[in-house]
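Chain order of the listed sequences is R and C. Position in the first sequence (from 1) plus 1050 gives the number in my numbering. Position in the second sequence (from 1) plus 1050 gives the number in my numbering.
Rather than coming from a laboratory, the hints here were simulated on the basis of the structure. Model, not experiment: these values are computed from the prediction. Any given hint might turn out to be false.
Note: identical chains are not told apart, hence a pair may lie in one copy or across any two.
In the BS3-like style, the derived pairs of lysine-lysine whose C-alpha atoms are separated by at most 25 Å in a straight line are [stated by the list, open to error]:
hint	residue 1	residue 2
1	K1260	K1318
2	K1527	K1252
3	K1487	K1116
4	K1353	K1260
For reference, the chains in residue letters:
Protein chains: 2
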Amino acid sequence: MHCGPIRMWLSCGSPFPCGCHRQCRCWMVVWRGGLVPDLLPSKEGKGLTRCFLLQIVDILLHYIKKTFDVKSKILDFHHPHQLLEGLDGFNLELSDLPESLEQLLVDCTDTLKYGVKTGHPRYFNQLSSGLDVIGLAGEWLTATANTNMFTYEIAPVFTVMETVLLKKMYGIIGWREIEADGIFSPGGSISNLYGILVARYKRYPEIKTKGMAALPCIVLFVSEHGHYSVKKAAAILGIGIDNVIEVKCDERGKMIPAELEKNILQAKRKGQTPFCVSATAGSTVYGAFDPLHDIANICEKHKLWMHVDAAWGGGLLLSRNYSYKLSGIERANSVTWNPHKLMGVPLQCSAILIREKGLLEACNQMQAGYLFQPDKFYNVDFDTGDKTIQCGRHVDVFKLWLMWKAKGTCGFEAEINRYMELAKYFYKVLKKKDNFKLVFDAEPEFTNVCFWYFPPRLNLIPEGFERDQELQKIAPKIKAQMIVEGTAMISYQPCGDKVNFFRMVFSNPATRQTDVDYLIDEIERIGKDL
Amino acid sequence: MHCGPIRMWLSCGSPFPCGCHRQCRCWMVVWRGGLVPDLLPSKEGKGLTRCFLLQIVDILLHYIKKTFDVKSKILDFHHPHQLLEGLDGFNLELSDLPESLEQLLVDCTDTLKYGVKTGHPRYFNQLSSGLDVIGLAGEWLTATANTNMFTYEIAPVFTVMETVLLKKMYGIIGWREIEADGIFSPGGSISNLYGILVARYKRYPEIKTKGMAALPCIVLFVSEHGHYSVKKAAAILGIGIDNVIEVKCDERGKMIPAELEKNILQAKRKGQTPFCVSATAGSTVYGAFDPLHDIANICEKHKLWMHVDAAWGGGLLLSRNYSYKLSGIERANSVTWNPHKLMGVPLQCSAILIREKGLLEACNQMQAGYLFQPDKFYNVDFDTGDKTIQCGRHVDVFKLWLMWKAKGTCGFEAEINRYMELAKYFYKVLKKKDNFKLVFDAEPEFTNVCFWYFPPRLNLIPEGFERDQELQKIAPKIKAQMIVEGTAMISYQPCGDKVNFFRMVFSNPATRQTDVDYLIDEIERIGKDL
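Bound-form chain R, shown alone (with noise of 0.2 Å):
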């Protein structure tokens, strides 16, 4: 591999004790004592350090570019057995000696060139999907720093930074900053956990200390459509699945508050205590909202903790138009946002947000004196570690926070609005079309729109299990073919009685209508010989 254009190297500016000018040269590093001698910490390491990583910025750059060509293919997909096996040089085993920076430069073009592009305007594959440009520098910021969120003393911006996150997000929740408490978490299903792990902890904060054999038998309710994190977290909590009860659902995924009402009724009889319900808001699949307001009624009627998953549907808070979907989330106890969702922020960025003050760190706090020294000379309020779970935990907020600097709030709402639209029209689209069937004749309640693609063959088996049983298969083969050429990525599932169907979603700031145009074009090119 060659050092890359001449105009990289001019912008290195720095003399190599090898001599830049020579070429390749300084690539060629020397098993010396088992560290590579010329890069940073090195004394004479600067220079190079500087090279290597603009070559590493220049790979990156190309792959950026690439990411958001929509011409260019998504994947290039391979077998896991072949990238086992090794890829025309590509190869994943570590050895006892080191590589040349010249083939790590191959190995990163390579780790790129064989994943996934999930910035790509036609990849609708997941709830996180695009590349947002400022959030990355953020990252790479974050990256640069390297820092850890457990004390002020190590992180000191990014603490505060942390604080003035959570108080933007209180205040558009509905919360008075005063009440409420939070942290960023690894991710929603984290969050979840959290959210349960307080609520427990308030009604019973004995379990702390004695367990769950203090306690009776304690079981939360959750709608049968929302994420599978609230059963995980049961089963880790030592509350267990079986203790988390489903409440039924409408047909577009809702919760039914007389279910919910019935099921508490009915799980008191048994002698079980109900002690919490974590509502949806913006389901995975469907993008369902539960009613809030009147799960909010049910829980002050009964005493009980409530939670909403608002993972997926948070930023909809952030649009004037459409907030009125989360409407009764203030008369939560916890909620769950996941910035990295509908708001683009690179993964991963969740947060848990707590309506009581202190509830968080009495919970899980155990005040190690090698952190949280209490004679330190600052206001340890800030040293926020010991609310959470974890010990170190990874600078989550710069990206978002330096996203909200560039957007304003203003920029995620447009932005937000945006997709609700791309919503509408895909429904509108899709209405028309005789081969595509809608899973819910409606428009759409978020930015999920599922459906199913029937080939012509498929219309001529009459409905029931014969032709379910075909259809079952369609979705599956028409993504594993878009996968192989690349072409777009998009979510399938079964769900309930519903044989596998497809889930658009919109979260991409990449995407424009002309993708969506081409996605059905797509399935139908794929599809209608199958």
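Please arrange chain C on chain R, whose structure you already have, making use of the hints.
Chain C alone, transformed into the frame defined by chain R:
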């Protein structure tokens, strides 16, 4: 702010619509519908994106250079209220309207300016320190790829890399690949939680569905010097802190096997059910290694799960000179190992390793239909996301993989051996100094060296309570002064009956012997008149 050195502009190599040569004009971003209009994915955004990201990189490269410059300050300390109120145009508040790109660059510069240079040669504050340039490049790439570890589908290279790294780690521990399993998690505390979670599930698989109500009163054991995350995990898991039994240590902080056995028998007599021992390989403060073979013998005898928290000490396995200190780890059922500590990988990077295939998945899987479709066209064994307690999971493996390629196992070994030598050197120098007193008058076990500094006036006070009262205040005062001057950072804490002492620790690749000498002089300089 001007657009930076002209060579940077040349390196952009892209003609701007607004004309790059006319300088700053292209930064005057106009508010149009809430978006920063000229960055990607805007059609016209390629040039500005490249230029903006190169400007960011220029800021980061400047920071990296300063980080490694021993003459630069580690930090420019300000109190939390000062940051909150805003400093010289650095305003953390978020508004409805966007800032210009120009302002964002200033904000990035300020964020670094008021932060802590954790890679500085004289930063000794945490077990994780230093800034590895290759690891950093890995993080930049990870951020750019911006994907999620839950499925092979969207993270093909990274999920396979994870299996390659885990395999390597099993081998180093001494496990056969066929029997072992593991996953990377968000930090050592979560990894320890995994160990205990899986231990509980192995003994009582009904926990997952029925919760703790179906179990007897289970108890686990950890040394009094074990990490606080073991207790935290017990609180979260619903076991309760009271059911974590602290085992006495010898004077160096190693668990006493006879005490462990005594505690186990006592618990059984009380009707409690021991199920797990968490041994420590490299304790946080003293750097102590529990006697793993003795503990393994006891675990085998009493049929207890043996977890080893080698978050800090795990890296020592890579040193042929010192790996004997972890002898017996191969007999553990689970191991926590944080490459972000001794191995110098950027934060965060932690693995939980389990010596039983399938257990992690059985314990945690929920088979969410929308993610883990069984009808995919590739080998879904690589969809490892259902093993975790998370859903989305940050890519923490690439930086480690890239560093391993760059250094080889031998490179890690050489670096770790150097830290051990530095610790010995530090110990020897302190031993000769009258005003320093070592907590242990023997060669360091690990790279931790604990010591007090006695200002001359304290030598006039006879040993005892009064002197201890004074000594307790010395380390915080010295540290506060170091922080204010930005000259060095080192941790202190009290421990048991010992008043505040410094904990020196070596894990920073930039540290040289001269920095060690400097630290000693600095403590004397600040402390002599206290």
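Here is how each hint holds up against the structure:
no., hint, in the structure
1, K1260 with K1318, "both (24 Å within a copy, 17 Å between copies)"
2, K1527 with K1252, "neither (49 Å within a copy, 38 Å between copies)"
3, K1487 with K1116, "neither (33 Å within a copy, 60 Å between copies)"
4, K1353 with K1260, "both (23 Å within a copy, 24 Å between copies)"
Comparing the model with each earlier hint shows violations of hints 2, 3; every other hint is respected.
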